[in-house]
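Trainee: Just so we're aligned, residue 1 is where the sequence shown starts under full-length UniProt numbering, counting upward by one.
Read the hints as simulated data drawn from the structure, not as lab findings. It is possible that some hints are incorrect.
[To be verified] Cut-off 25 Å, straight-line C-alpha distance, at most; resulting in silico cross-link-like pairs (DSS-like, lysine-lysine): (1) K311 <-> K22; (2) K230 <-> K311; (3) K311 <-> K375; (4) K375 <-> K22; (5) K230 <-> K170; (6) K206 <-> K170; (7) K206 <-> K230.
[Said to hold, decoys possible] Restraint-style ranges between C-beta atoms, simulated for each label pair: (8) A227 <-> L28: 41 to 51 Å; (9) E356 <-> S119: 22 to 32 Å; (10) R292 <-> D217: 13 to 23 Å.
All C-beta atoms in this analysis are idealised placements derived from N, C-alpha and C, irrespective of residue type, glycine included.
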Amino acid sequence: MQMGQKLRTALRGPPVFRDGSKFRLNRLLEGHKDGVWHVVADSSRNVCASASADQTARVWSLETGACLATYMGHTGSVNCVAISQHCTVDNSDGCGPAAGLILATASGDESTHIWRVPSNNAPLEHSSEEEEDHHGGGGDPNNLLGMEQSCYKYTNEKACGHRIRVPLTKLTGHRAPVSCCEWLAGGQQMVTASWDRSANVWDVEKGEVVNMLTGHDSELNHCSTHAHHKLLLTSSKDSTFRVWDFRESIQSVAVFQGHQDSVTSAVFHSDYRIVSSSDDATVKIWDLRSMRTPLADIRLSSPANRIAVSKSAGVIAVPMDNRHVRVYDLHGNRLPRMPNRRCHERMVTCCAWMDEQPSNNLLTAGFDRMVAAWKVNTSTS
Numbered sequence: 001m002q003m004g005q006k007l008r009t010a011l012r013g014p015p016v017f018r019d020g021s022k023f024r025l026n027r028l029l030e031g032h033k034d035g036v037w038h039v040v041a042d043s044s045r046n047v048c049a050s051a052s053a054d055q056t057a058r059v060w061s062l063e064t065g066a067c068l069a070t071y072m073g074h075t076g077s078v079n080c081v082a083i084s085q086h087c088t089v090d091n092s093d094g095c096g097p098a099a100g101l102i103l104a105t106a107s108g109d110e111s112t113h114i115w116r117v118p119s120n121n122a123p124l125e126h127s128s129e130e131e132e133d134h135h136g137g138g139g140d141p142n143n144l145l146g147m148e149q150s151c152y153k154y155t156n157e158k159a160c161g162h163r164i165r166v167p168l169t170k171l172t173g174h175r176a177p178v179s180c181c182e183w184l185a186g187g188q189q190m191v192t193a194s195w196d197r198s199a200n201v202w203d204v205e206k207g208e209v210v211n212m213l214t215g216h217d218s219e220l221n222h223c224s225t226h227a228h229h230k231l232l233l234t235s236s237k238d239s240t241f242r243v244w245d246f247r248e249s250i251q252s253v254a255v256f257q258g259h260q261d262s263v264t265s266a267v268f269h270s271d272y273r274i275v276s277s278s279d280d281a282t283v284k285i286w287d288l289r290s291m292r293t294p295l296a297d298i299r300l301s302s303p304a305n306r307i308a309v310s311k312s313a314g315v316i317a318v319p320m321d322n323r324h325v326r327v328y329d330l331h332g333n334r335l336p337r338m339p340n341r342r343c344h345e346r347m348v349t350c351c352a353w354m355d356e357q358p359s360n361n362l363l364t365a366g367f368d369r370m371v372a373a374w375k376v377n378t379s380t381s
């Protein structure tokens, strides 16, 4: 599906929020001024981070729903956010759950920024009224292209948490919007995917490209990494995804052509299991050792966006253009008694699991400007 079609789908009228026995809405995180492209969670801290077309990223407490920090350093849509699992936790007095958190954000301004959340006892940064008025995005979702948008003004300083404008590091080198970013195992390197048809592997401390990955015939939508090995996936509008293997001194790459339209995401579930989603309205489950045909082929009623796979429960959350979220097991079976009701008012762009959290274990984000926290019963009985 082309971007214009996606945005028309995203602007359909609102449905009603309802709870089901297996899918309960617990909290809404509101504050972004434009659609939310991406959400990611840190279960150990009970926080999440969101990336928005309003040119900001936000860090949220899932316990209180408060915005703990807002990153305002980009000049284009923020398309993706990634949380480092290798940062030092600040346990000093007065510090909140996000203190010391290190994040990366990929943007339509063709850059990726690495930034840190300060401790809660650090003073909130104040800005002039003029700075506030001239930062941010208006209502144009096409801001993914990195264009300057009409401004908005924060009316409540505390609602933004810490305001962060200066990154620790800027990663520049792409020649088009950066669609996605992800940390590699170990935390010293990062991969970014771009509409310039390439992915870059970076030495984050030096801010240098150590490997440029080329070969896709069209823009890259997504990249993801293995939790424990130097393996990564890139997904492209050319209807393929690629598996890049850096475990040996000689890098290898495998190309997979199982979809009929743009591949919106591909993620690892285990050492050998991969799940991919596409604008062809399918989700496919693969075994890396035998990729000629998928293990399961899930057919949907609408194009799928950035999926998430629960490592502990072995289930897939599928956000779709038609505002639905569906949950399936790794055999392609839809979980029973899932309510056939919509949970967002616009296109759902992304999901994230929080396997260690008993109260909120699934996050969804959409172009209704909201992040929703859900309790999903993933049992199949």
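Trainee: Find the hints from earlier in the document that the structure breaks and name them by number, from lowest to highest.
Mentor: Hint 8 contradicted; others consistent.
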